[in-house]
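Residue numbers (the working numbering), protein chains in the order written: chain A, 1 to 380; chain B, 1001 to 1244; chain C, 2001 to 2194.
The hints are simulated quantities; they were obtained by calculation from the structure and are not laboratory data.
Check each hint, because a few of them may be wrong.
[Unchecked claim] With a straight-line cut-off of 27 Å between C-alpha atoms, the simulated BS3-like cross-links for lysine-lysine are:
#, chain 1, residue 1, chain 2, residue 2
1, B, 1099, B, 1153
2, B, 1099, B, 1085
3, B, 1139, C, 2026
4, A, 372, C, 2026
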Amino acid sequence: MRRRVFLAAACCAAAFPRLARAQWQAPGRFARPEAGSEEGGLWSMMDREEARLRRSPFALRDPKLQAYVQDIACRLAGEHCPDVRVHLVRTPFFNASMAPNGMMQVWSGLMLRVDNEAQLAAVLGHEIGHYLARHSIERLRDAKSRSAFGQFLGMFGLVGAAGQIGVIAGMFAYSRDHEREADAIGASLMRNAGYDVAEASKVWENLMLETKARPGEDASRSSPLFATHPPAEERQQALAQLAQASPGGVANEAPWREGVRPYLHEWLNAEVKRGQHEESVALLSRVMTRPLATAEYRWARGEVYRLRAKDGDLDLALEDYRGAAALGGEPPETHRGLGMIYRARNQAAEARASFQRYLEAAPDAADFGMIKSYLEDLRT
Amino acid sequence: MRLAASVFAVIILSFAGLAWSGSICFGPGAIRLAPGFSSLRKGATVVVMPTNIELFSISGGGVPEPKADWTEAASTHFKAALLAKRQALGVNMVELTEKDADELAEVNVLHGAVASAIGMHHYSECGDALFALPTKGGKLDWSLGETVQPIKKLTGADYALFSWVRDSYASAERQAASIGIAILSLGRAIPRGGVQLGYASLVDLNTGQVVWFNRLARPSGDLREAGKAAETLDALLAEFPIAK
Amino acid sequence: MRTHMGTLVAAALVVVLAGCAGPVTKVATGEQTVGDRLDVSLEGPWNQVRVPALAPARVWTMEGLPLDRLLVYSGIKNEQLIHAEGPASRKNFAFRSTMQPDEIVAMFEGMLTRDGSSFKLVKLEPADFGGAKGFRFEFALTRRGDNVQLSGLGFGTVSNGELFALLYQAPRLAFFPRHQPRVEQMARSARIKT
């Protein structure tokens, strides 16, 4: 377990000359840098941000889920396991980051999007790759020569410090070389932890489905990770090659789906509330096809269609809500959604039935009073 | 000049999380006491909340770079200077552990917002604050109410002292650049350092009232060395309501 | 020299906080009319802060913008933006006369969370407002920038196709409980001029 990681670079010498020249070996654990060094400054600042994150209401403090993700990160990090501290954060964007001091953030938007442990491992392994290869220090030196320090901090997911998500638009990307290196290291870490490397490229393919769906604008707006790790054609190819070089390994879909089940509704709701309808439809259409996908996913897509309300959307929403109800185990909001649409279409009987069902299924709902009054209005 | 101003803005936006008002004049600080409060009781206990200090070096390119050794030193000097002052202030001082700070996170965060509000709406060295709130009648009248009870419970103190400092210093290369510009601008001196921003706030743990608040905003000051750090602390605690 | 630096810095800050606030005026106790159309009866004075970025909503506060804010919407028309159009990167929100209470609340939720803050509806129920049938809602908001946890209270109604609403938020500790009664009283006293 705690052995040095070697990268079988034979196949990839052409794509990764830098790596092939000297067989890459994970360095030993990093010592805390001298306080006076540039790295030292960053480290201390990250320590303070970590304390802030620990105390933040946006932190997802679930011991079971945290331990689960921590274990995956730990097995990936090998000898560096004791230095990696996983923090789960409630924010509906696809991102994970690792700061030079070992603080790792995993955002709930990422946990919603990965289908299995292997895909999560691909992203975490990639971040650990940046950490092991000390890319951030090179980035810091670069940042000094441009006035982009705030954006640099933003790389470590310090959205609070850097302010709004809008800052991400100008995010500081790693160089192509760094990306390739982190991909290669990440793939190697994945394989050594027993995961199927073929899942790595799927993560990026899936994300591209979403971002391509967004009308007009820059893909980087929706995903900080996407902004710092632009998936170019060659990266896809490189990842595919890495997968071919290391066949085998597990995906572990079942335990992952089981592990995040308690949060699925919350995360789906947060995704819907993002208000990025096109991206949400692309995402939800994809994840709905997961084996044994629950009614939650169909309800969520129904919500997005209902809120988008473009031509034909209300019919699509009805279809999804009904589909969710047919599956069973649908969230009560399914019937509220149906009721809203029937009400808007003056289908009073159907609206009454749906609202009634909602109120029965969710007696403690925040909007109980409002929906009850809609129901009463429909009776008159 | 413009570079320094933009650095100022970067510091605020990137690291402060507080909104400081436009009415910053680099004059001597105007200190305010809450109505009805003039001094601490002799022998009162003050809990020193962990000081929120960050020190930066500004490189030639104007980018603020956090300096761990400076920040560490500043925190040490600040604490030492504060403890040294306790006799002069006539109070007992207790510190808050990191663990206790975890428990008191929400109150701490709340105080940060209160300090922001005071800084924005009350504080001014140049006559009436630009955004003074008429209902406050020019008084320092902000209270956290009962929310400070947990601090009192954990520490047994009568008052809590909060402080926050952001300070930036010109690196050698920047000073050289500054001097170069100074020569070019016909000898008009340009402040060699960056900007020092801070506040110190004293809260009565029985009532939650902010009984004393001082805001610092000036181009100079130095927390990196003990001697100069003491000067900054003096400025931050100017007209502190010494116990009588 | 210090003044020179100070002026430059002040100018930079005013630019940086452009649209943040202008002068503050007192809203006196007694009968007040907001935007020609909404009468309220105040039991105590408020402070009105000019915030161009939030126009046409009025911004009132008791303790200062970093702490509490009351947004007063008076006669927002169909298809009108509830706040001034911002930079292209910022989402805008337009009121539509056909909006139901849950949709109006969703619109406010979108506005309150566009900076990454997180919103949770606590209660939404019918209530009279302004002398018409309307709604009342309570919410919790965790502010992204500084992690302050806020409680919120809102009232609204659509009268002749126009939106009238009050939206109040303050830290859930100390400040919200302190001022909530006055906001409730203000809402009860509100009358829409027809």
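Hints, verified against the model:
1. 1099/B to 1153/B: holds (14 Å)
2. 1099/B to 1085/B: Answer holds: residue 1099/B to residue 1085/B is near 26 Å, not above 27 Å.
3. 1139/B to 2026/C: Holds, at roughly 15 Å.
4. 372/A to 2026/C: Cα-Cα ~41 Å, so violated.
Of the numbered hints listed earlier, the single one contradicted by the structure is hint 4.
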